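Kindly produce the complete structure, drawing on both the sequences and the hints.
Under our numbering, the first residue of the sequence shown is numbered 4, with each subsequent residue one higher.
Calculated from the structure, these hints are not laboratory results.
Remember, it's a predicted structure, so these values are computed and weren't measured experimentally.
Check each hint, because a few of them may be wrong.
[Unchecked claim] Distance ranges between label pairs, derived from CB positions:
{"hint": "1", "residue 1": "Ser-153", "residue 2": "Asp-111", "range": "39 to 45 Å"}
{"hint": "2", "residue 1": "Glu-98", "residue 2": "Glu-57", "range": "22 to 28 Å"}
{"hint": "3", "residue 1": "Glu-35", "residue 2": "Leu-112", "range": "38 to 44 Å"}
{"hint": "4", "residue 1": "Glu-66", "residue 2": "Leu-112", "range": "17 to 23 Å"}
{"hint": "5", "residue 1": "Gly-68", "residue 2": "Glu-34", "range": "41 to 47 Å"}
Don't be surprised by glycine CBs; every beta carbon is placed ideally from N, CA and C.
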Amino acid sequence: MADLGPQDHIVLGLIARHGPLTPYELKALLEESVDYFWPVPHAQLYRIPVRLAEQGLLDEEAEQGGRRRRLFHLTGKGRAELKRWLADPQSPPAETRDPAQLKLFFADLGAPGDVVALANSEAAEHRRLLGLYRSLHAEIDPGDEVRAVSRARILRLGIRHEQAYVEFWEDLAADPEYRERRRK
4 MADLGPQDHI VLGLIARHGP LTPYELKALL EESVDYFWPV PHAQLYRIPV RLAEQGLLDE
64 EAEQGGRRRR LFHLTGKGRA ELKRWLADPQ SPPAETRDPA QLKLFFADLG APGDVVALAN
124 SEAAEHRRLL GLYRSLHAEI DPGDEVRAVS RARILRLGIR HEQAYVEFWE DLAADPEYRE
184 RRRK
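This is the structure we're talking about:
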């Protein structure tokens, strides 16, 4: 079996959590959950389940009439792979491809005011995301036993992450030379 990537485990996890799904349903669930921190191109959500079915990790059921939707079910082999992946405490290093960080790295090559403009723009965007995550956290239905705990965990991480970004970019906007000062 080919090595599975994060997007494969996303598909296995969503189907394990929610039951049999069509690629369209996968897309909708992705958009309300992991898409905030691990986006998967929607076109892949139509290819990944087929590939996982070819590997025996999912079963495919095609409707005979109507829209002829393809419904994917988790197999025992797929559940075992998901459990194996979850039980492995090791993860590869985080992938950060943040265009703002790239601009910041080369900021000394630009105009002096560019850093302040970038910092103000980034602070505003991360404040927006912080507000979104706080709102999503406040909207968690504690009665939703399927998702309440997992959503609360990941949103708490997202909130802390965005708080750190807001703090950094606001500090940089206030002091573009960023002289290693500490917040009090």
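ask   = Checking against the hints above, which ones are violated?
value = 4 and 5
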